[in-house]
Each structure stands twice: as C-alpha cells, then as structure tokens.
Amino acid sequence: EAGVAQSPRYKIIEKRQSVAFWCNPISGHATLYWYQQILGQGPKLLIQFQNNGVVDDSQLPKDRFSAERLKGVDSTLKIQPAKLEDSAVYLCASSFAVGVNYEQYFGPGTRLTVT
Amino acid sequence: AQRVTQPEKLLSVFKGAPVELKCNYSYSGSPELFWYVQYSRQRLQLLLRHISRESIKGFTADLNKGETSFHLKKPFAQEEDSAMYYCALSSNYQLIWGAGTKLIIKP
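Chains as they are written, first to last, in our numbering: chain A, 1 to 115; chain B, 1 to 107.
Some hints here could point you the wrong way.
No farther apart than 27 angstroms at their CA atoms in a straight line, the calculated lysine-lysine pairs in the BS3-like style are these [unchecked claim]:
(1) B/K57 / B/K22
(2) B/K9 / B/K73
(3) A/K15 / A/K71
(4) B/K65 / B/K22
(5) B/K15 / B/K73
(6) B/K73 / A/K44
(7) B/K65 / A/K44
(8) B/K73 / B/K102
(9) B/K22 / A/K44
(10) B/K22 / A/K11
(11) B/K65 / B/K106
(12) B/K102 / B/K9
(13) A/K44 / B/K15
(14) A/K44 / B/K106
(15) B/K57 / B/K15
(16) A/K62 / A/K15
Facing chain A, according to a computed beta carbon distance under 8 angstroms, are these residues of chain B, among others [as the list claims (entries may be wrong)]:
(17) R43
(18) L44
(19) E54
(20) F59
(21) L63
(22) S90
(23) W97
(24) A99
(25) T101
Derived by calculation from the structure, the hints in this document are not laboratory data.
Predicted model, so just to flag it, every value in this text is computed and none were measured.
Backbone N, C-alpha and C fix where the C-beta goes; we use that ideal spot for every residue, glycine too.
Modelling step: build the complete structure from the supplied sequences, incorporating the hints.
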C-alpha cells in the first residue's frame, strides 16, 4: 500500500513570500492532519480534516495560514506571507478515521526555510 | 493543561545495556498514550500504544497513573534502536507531543 505523499520535500523562500504544500493521503483514509514541527520540538497540530470538513483548526494562524481538502482526498497548506518563524518541517498524516484506535500514518514532510 | 514532557533531549547507551526513555504527562482524565519513533531518513511511525499492552521490537511501556509516567523500556539495546523517540498523548482525538529524545546506541 502506498504511503502518504508530500511535495515538495524542501523549499527555501524569502520572508513575505508565499508557499504551498501538497499532501496525498493513503487511499481510503478519511482523516487528514497537518502538523508543524519546529527544530527541537515535537509536532504541533495545525489543522485536522474529516473528509473535506475541518474538525479542528484552533492552532492554525489564520491570518497567514490556510488549508483546504476540497474533494476529501488531497490537501494543500498555504502560507502567505511567510515569516522567519515559519521555518519548520510540515508533516502531513492520515488515518482511516478519527479516534485513538486509528493509527496516524505520516508523510516524509516538507522542510521549509524562510530567509 | 494537557502536556507531555520528555526530560532528556539525548540519551546515549552502550549496545546490550538497558534503555529507559522517560515520558511524563499532565492530563485530567484517563490518558491514552503512544510512543512514536523516527529512524534516520525514515518517516515518523507508531511504535506502540499503551492500550495494546504489546511489546514491539523488544520495547515495552507501562502506564503509571500515580506517577503520571509512560516510560519506554528495553532490556538490551541494539544498534538499530538508534532513533528519535516521541511520546504522545491523545486528547479530544488529537495527539499532544513531547519534544522527543534522541537515542544513540554506542557499539
């Protein structure tokens, strides 16, 4: 079974520029997560989708971050404009459904550097 | 507030020695806890969950509600155990993560 796919793997941008990340979850997985992992820290949930609806986006900085999952499959995460503190690895994960019994499967991540 | 603390950023042990990676949590209620692992150049993946009470790759973790701990243990470390280990707590169907411990197994 193919795993969670993410692109690009690396991105370097200047502050105030915009950037977008793409995620393709495991086929059949209804729940999709975007995490931000700053160097030396654990992942922090930014947004969680159930199919194409948002379950939780309480930690998403909505003034500059946006995310969508229009058809309940692929998802994009956008930052506009980027700040230096946005430098991090952005992880996408998916699970069959919501709940502790459903394992989250992670993609390889996108490493963003904002200069 | 819900929180997961991994007090050691780095743990270095010799091959064959016992390993204990510490995890403490703060949670009001009955916690669901997990250990995730990330090997070099690989993806973050689930190692074990406390509700399964399983042993994976020789690792075990016991939930101690009195000490609010969920330490990961292995009696005899192997070189392939070198990795980044994260403890995570489920809260409202979301995971709250510790900062991780880098485990280095010396030959």
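Hint check results:
For the suggested pair B/K57 and B/K22, the alpha carbons sit about 18 angstroms apart, so the restraint of at most 27 angstroms is met. Restraint check for B/K9 and B/K73: the C-alpha separation of about 16 angstroms stays at or below 27 angstroms, so the hint holds. With a C-alpha separation of about 31 angstroms, the suggested pairing of A/K15 with A/K71 is violated against the 27 angstroms cut-off. Taking the CA atoms of B/K65 and B/K22, the gap is about 14 angstroms. The hint holds against a cut of 27 angstroms.
The suggested pairing of B/K15 with B/K73 holds, with an alpha-carbon distance near 14 angstroms, which does not exceed 27 angstroms. The hinted pair formed by B/K73 and A/K44 meets the criterion: a straight-line CA distance of about 25 angstroms does not exceed 27 angstroms. At most 27 angstroms may separate the alpha-carbon atoms for a hinted pair to count; B/K65 and A/K44 meet this at roughly 25 angstroms. At roughly 14 angstroms between alpha-carbon atoms, B/K73 and B/K102 fall within 27 angstroms of each other, so this suggested pair holds.
Using a Cα cut-off of 27 angstroms, the hinted pair B/K22 and A/K44 holds, with the two alpha carbons roughly 20 angstroms apart. Restraint check for B/K22 and A/K11: the C-alpha separation of about 34 angstroms exceeds 27 angstroms, so the hint is violated. About 32 angstroms separates the Cα atoms of B/K65 and B/K106, which puts this hinted pair outside 27 angstroms; it is violated. Using a Cα cut-off of 27 angstroms, the hinted pair B/K102 and B/K9 holds, with the two alpha carbons roughly 6 angstroms apart.
Between the alpha carbons of A/K44 and B/K15 the distance comes to roughly 33 angstroms, so the proposed pair goes past 27 angstroms and is violated. Distance check on the hinted pair: A/K44 and B/K106 sit about 31 angstroms apart at the alpha-carbon level, beyond 27 angstroms; violated. Under the criterion of a C-alpha separation no larger than 27 angstroms, the hint pairing B/K57 with B/K15 is consistent with the structure, at around 15 angstroms. Distance hint between A/K62 and A/K15 is fulfilled; the C-alpha atoms sit about 17 angstroms from each other, no more than 27 angstroms.
For the restraint placing B/R43 at the interface with chain A, the shortest Cβ-Cβ distance is roughly 5 angstroms, inside the 8 angstroms limit, so the hint holds. At a threshold of 8 angstroms, the smallest CB-CB gap from B/L44 to chain A is about 4 angstroms, leaving the interface hint in force. The beta carbon of B/E54 comes no nearer than 13 angstroms to any beta carbon in chain A, farther than 8 angstroms, and the hint placing it at the interface is violated. Restraint check, B/F59 versus chain A: the minimum CB separation of about 16 angstroms is more than 8 angstroms; hint violated.
Annotation: interface hint on B/L63 violated; nearest CB of chain A at approximately 13 angstroms, more than 8 angstroms. Interface hint at B/S90: satisfied, since its Cβ lies 5 angstroms from the closest Cβ of chain A, which is below the 8 angstroms cut-off. Hint on B/W97 holds. Least Cβ distance to chain A is approximately 3 angstroms, under the 8 angstroms limit. At its closest, the beta carbon of B/A99 sits 5 angstroms from a beta carbon of chain A; the interface hint therefore holds under the 8 angstroms criterion.
Taking 8 angstroms as the C-beta contact cut-off toward chain A, the hint placing B/T101 at the interface is violated, the least distance being around 10 angstroms.
Checked against the numbered hints given earlier, the structure breaks hints 3, 10, 11, 13, 14, 19, 20, 21 and 25 and satisfies all the rest.
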